[in-house]
Amino acid sequence: MTMAIERHLATCHACGLLQRLPAGPGHPRAACPRCGADVHARKTNSLQRTWALVVASVLLFLPANLLPIMEVTTLGTPQADTIMSGVVHLLEHGSWPLALVVFFASVVVPLFKILALLLLLITVQRQSAWRPVERTRLYRLTELLGRWSMVDIFVVTVLAALVQAGALAEVRAQAGAVFFGAVVVVTMIAAESFDPRLIWDRLGKETPRHE
Amino acid sequence: MRGSHLIACHDCDLLQQVPTVPAGGAARCGRCDAVLTRVIPRTFERTAALGLAALILLIVANVFPLLTLEIQGRLTHMSIVAGAWNLWLQGADWLAGLVFVTTLIAPALHVGLLLWVVLPLAGGRRGPAGARAFRWLQSIRPWSMAEVFMLGVLVSMVKLADLAVIVPGIALWAFAALIPVLAASMVTLDAEETWRTLAPEVPEP
Numbered sequence: 001m002t003m004a005i006e007r008h009l010a011t012c013h014a015c016g017l018l019q020r021l022p023a024g025p026g027h028p029r030a031a032c033p034r035c036g037a038d039v040h041a042r043k044t045n046s047l048q049r050t051w052a053l054v055v056a057s058v059l060l061f062l063p064a065n066l067l068p069i070m071e072v073t074t075l076g077t078p079q080a081d082t083i084m085s086g087v088v089h090l091l092e093h094g095s096w097p098l099a100l101v102v103f104f105a106s107v108v109v110p111l112f113k114i115l116a117l118l119l120l121l122i123t124v125q126r127q128s129a130w131r132p133v134e135r136t137r138l139y140r141l142t143e144l145l146g147r148w149s150m151v152d153i154f155v156v157t158v159l160a161a162l163v164q165a166g167a168l169a170e171v172r173a174q175a176g177a178v179f180f181g182a183v184v185v186v187t188m189i190a191a192e193s194f195d196p197r198l199i200w201d202r203l204g205k206e207t208p209r210h211e
Numbered sequence: 001m002r003g004s005h006l007i008a009c010h011d012c013d014l015l016q017q018v019p020t021v022p023a024g025g026a027a028r029c030g031r032c033d034a035v036l037t038r039v040i041p042r043t044f045e046r047t048a049a050l051g052l053a054a055l056i057l058l059i060v061a062n063v064f065p066l067l068t069l070e071i072q073g074r075l076t077h078m079s080i081v082a083g084a085w086n087l088w089l090q091g092a093d094w095l096a097g098l099v100f101v102t103t104l105i106a107p108a109l110h111v112g113l114l115l116w117v118v119l120p121l122a123g124g125r126r127g128p129a130g131a132r133a134f135r136w137l138q139s140i141r142p143w144s145m146a147e148v149f150m151l152g153v154l155v156s157m158v159k160l161a162d163l164a165v166i167v168p169g170i171a172l173w174a175f176a177a178l179i180p181v182l183a184a185s186m187v188t189l190d191a192e193e194t195w196r197t198l199a200p201e202v203p204e205p
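Listed in order, the protein sequences are those of chains R and C.
Position one of the first sequence corresponds to residue 1 (the working numbering), numbered consecutively onward.
Position one of the second sequence corresponds to residue 1 (the working numbering), numbered consecutively onward.
All the given hints hold, so there is nothing to weed out.
Reference listing, derived: stretches of chain C covered by chain R, where coverage requires no fewer than 3 residues with Cβ under 8 Å from a Cβ of chain R: (1) 10 to 23; (2) 27 to 39; (3) 84 to 97; (4) 145 to 151; (5) 156 to 163.
Short, incomplete list of chain C residues facing chain R, as computed with Cβ under 10 Å: (6) His5; (7) Leu6; (8) Thr76; (9) His77; (10) Met78; (11) Ala131; (12) Phe134; (13) Arg135; (14) Gln138; (15) Leu198; (16) Glu201.
Hints in this document: simulated from the structure, not taken from any laboratory.
No residue lacks a Cβ here, since even glycine has one placed at the ideal position from N, Cα and C.
Please construct the entire structure, taking both the sequences and the accompanying hints into account.
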């Protein structure tokens, strides 16, 4: 099995064109002749960037879940809602299938994304040969699910606008929502900056090399 | 049909000779199972049709009310843009920006760039700046969150069900219809064929 990088070939990240990279030490880069994007054999500083973004998302995750995301004022009494209390409220007053969906999108998905990226980072750094196919699938899933966490931000948006329009009460977005939105954006960029080909790069290195 | 050619998997970098792929078929990576290439018959015509449908639905979704609230016989309407606008008025600028981008700007760019790329190709010619528009389309796509917004609207309707009568507006139906149309347009668009048509003079390595 030959990897493209061993033949000094690289796939353009934007248009998928397979092309010969200029020879040279380090990470050679070139402009894609087809679409003009920067072409590298691997995403630039993938591990460093992904680590930085994952650490940032862990730090943002705590206030995102502990601080209230919105404050509902009915008849002069304000009531603060966190992500979790919103789910509980849905469970009590709404429908449990919807509560389950929101719990999944807002609590499970962000946690899953952070843990999955940590697992990928650590296994790549330890040059692990453990289940590369499953790890690549895990990466694809992480990329796919990330956007659904935005659902709670949209709930705050729609509630605030509707309640405002109907003068029922007042719904105000709170600091937790800003942190939560930041978690979604930062983990989406983190998944984008991770290069799944790094999982496979280390595999060929188990066999003893003859220099 | 797409002839046999050399391809490196975008997920695991395995270099492999892809056999001839018939129309409607796909080739998967022999090592990590990623889809390497998919050949879609009449890709530009089908995608252009879906793109035009998406444009009409997007315009309807942004012109008509999304939800109508009824309290003691009084009706108030809420449009999609009201979401981001109201957050802005509350002073939540960051959130307003995020919502504005994901519910308005990105879906509009998504549909606009798709048509920019595909309409000329469907007509059998290459439009200006097609390659750049297609690159932008691919970077904008993850941020276009029509379907996630829709789920948020449903959750909000359930949450407010005790307080008021909420009537779905025309925009809600248009937005609901936009989701499968956009998803289908991404399936019918053959990326490799698009690139090959946009820049036919590039040699294979």
